[in-house]
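Participant: Here is how the chains run, residue by residue.
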Amino acid sequence: MSGALPISVLPPQAAAGESDSLLTLRAAPQTHVTVRGLSKSFAGKPLYTNFNLDLPRARIVSIFGPNGCGKSTLMNMIAGLVPLDAGEILFDGKSLKDTKIGYVFQNYRDALFPWITAWDNIAYPLRRGGMKEADVRARVEALVKLFEIRFDLQRYPYELSGGQMQTVCIMRSMATEPEVLFLDEPFSALDFEMTLFIRAKLQEAHLATGTTMVIVSHDLEDAVFLADRILLLTRRPTRIAELVSFEMARPRLPEAVADPEFVRVKAHTLEVFRREMNA
Amino acid sequence: MSKVLKLDRRWLPLLGPLLLFALWQLLISAQFVKPVLLPPPGATLAHMASVFASGAIFGDLWATIFRTLCSFGIATVIGVPLGVMLGSSEAAYRSVEFLIDFFRSTPSSALIPLFLLIFGITDINKIAIASFGAMLIVLFNSAYGVMNAKKTRVMAAQIMGVSKWHVFKDVMLMESLAQTFVGLRSAVSMALVIVIVAEMFIGSENGLGHRIIDAQQVFNVKEMYCSILVTGALGYLLNLLFLLIEKKLIHWSGKA
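Read top to bottom, the protein sequences are chains D and E.
Using this note's numbering, read the first sequence as starting at 39 and increasing by one per residue.
Using this note's numbering, read the second sequence as starting at 104 and increasing by one per residue.
Don't read these hints as lab results, they were simulated from the structure.
Glycine included, each C-beta is placed from N, C-alpha and C at the ideal position.
Don't take each hint at face value.
As the list claims (entries may be wrong) - Example chain E residues on the side facing chain D (calculated, C-beta under 7 angstroms, incomplete): (1) Val265; (2) Trp355; (3) Lys358.
To be verified - Not close to chain D: a few residues of chain E, all C-beta gaps over 10 angstroms, as computed: (4) Gly158; (5) Tyr196; (6) Ser208; (7) Phe218; (8) Thr255; (9) Met263; (10) Phe271; (11) Leu280; (12) Gln320; (13) Lys351; (14) Ala359.
What the hints assert, rightly or not - Result set (DSS-like, lysine-lysine): computed pairs, CA atoms no more than 27 angstroms apart in a straight line: (15) E/Lys267 / D/Lys135; (16) D/Lys138 / E/Lys267; (17) E/Lys137 / E/Lys253; (18) E/Lys351 / D/Lys138; (19) E/Lys272 / D/Lys170; (20) E/Lys254 / E/Lys272.
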């Protein structure tokens, strides 16, 4: 009905009962990923209804929210692992099909291929992408330098420690130089020492490449520590509770958690989180 | 002290067989069993040494090995690709699941008369029925290997933008290998069992099964026990061989 009208006459918000699209709701400046009119329900219960989101370019966004609000589902829908009921998701105006993405799974043990060495795991997406062997070698060597790898990559994944395996996962996901990197609770299976290590490596990689990153976390400190923006979600049916900015210089050292700005942002996100939890 | 214990530990696997031979000898010495039914272990082993020294057993041993390996080969060539195909489409597997489970639960020896009708009293018959029994095991395990491929690994490959064929070849097929090898190991044992039974009851001129039943018919108990022991050793060695190949080839089995 409204589709027949010229764009300039369209209302800024879609009428009740209709979903937004990029035509009715423009993307904010510096946006990389736009989500419009996203709907998803499980077993007849709506999880997301007409959900809109802009993810900024070259920034790290953490998704945080109460249990069962669909943090991972949201990320997996954007990454194409979970189908949408309705809505559109565009990367720089392109569809997912034309976009290179990377994904780091929570369970690194199940994500790596145990039949080939760690080195071959990292090279796998490059070789399958048709890259020449010499270029593959150069690319993997560059990653080894970037991540300052000191363990033997000629070993099989099951011979590595948890933190080493997750590092290999991150290297593999970044090998193809993805536009967007998704990380699903990358620290939850790691001990504290390895969490600090991977946090540092992720920041270095982010500084070096400027890759847009989306992290789902169930740990508030992890969520805030790495993020430029913290996306706080409500209980289901899920909406955005708040998009908190956290502008702190990088690289952030482990001591940053004692910084007054960090403490303030963390306290604020906690406050929003508790408000939504009790809502 | 600890060095002696360490040495002991290495020889532990020999303890069981030695105990069995001791018990065997005890049964005879205590005259629980007549020597005409059960010869002493020493005499049986001596007889085994003599049939190997004279080469009298080689014809039968080779015939059984040949039939078992033929059956196993046929079972693998048909069972693995078919199992992988069925496993990659859950709907396809579910539609034939009952048939597979039914024939897997039916003792293959019960099908001997049926196979006799089709193939007659030939060598092909023995190989056919052993292939059939072994093939079901291979097929079942390969199919489950593919079906139980870790979802995360498949997703990891999909998200890299790898083609469907490569996801199948590089991930699902590799993922199924560990389970496939479990199937192959059970299949080679099953093939041997059916070959021995077939050699006993489907008119046969050679093979260990034939040798066992022949010795029993003329009451040559020493020869009978000797052949049973050789058959057991053959089954054990085949299993061991597959375990070693599996450990070498599927180095990640049980670790990832």
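Participant: Which constraints among the numbered hints does this structure fail? Numbers only, ascending.
Facilitator: 8, 9, 11, 14, 17, 18
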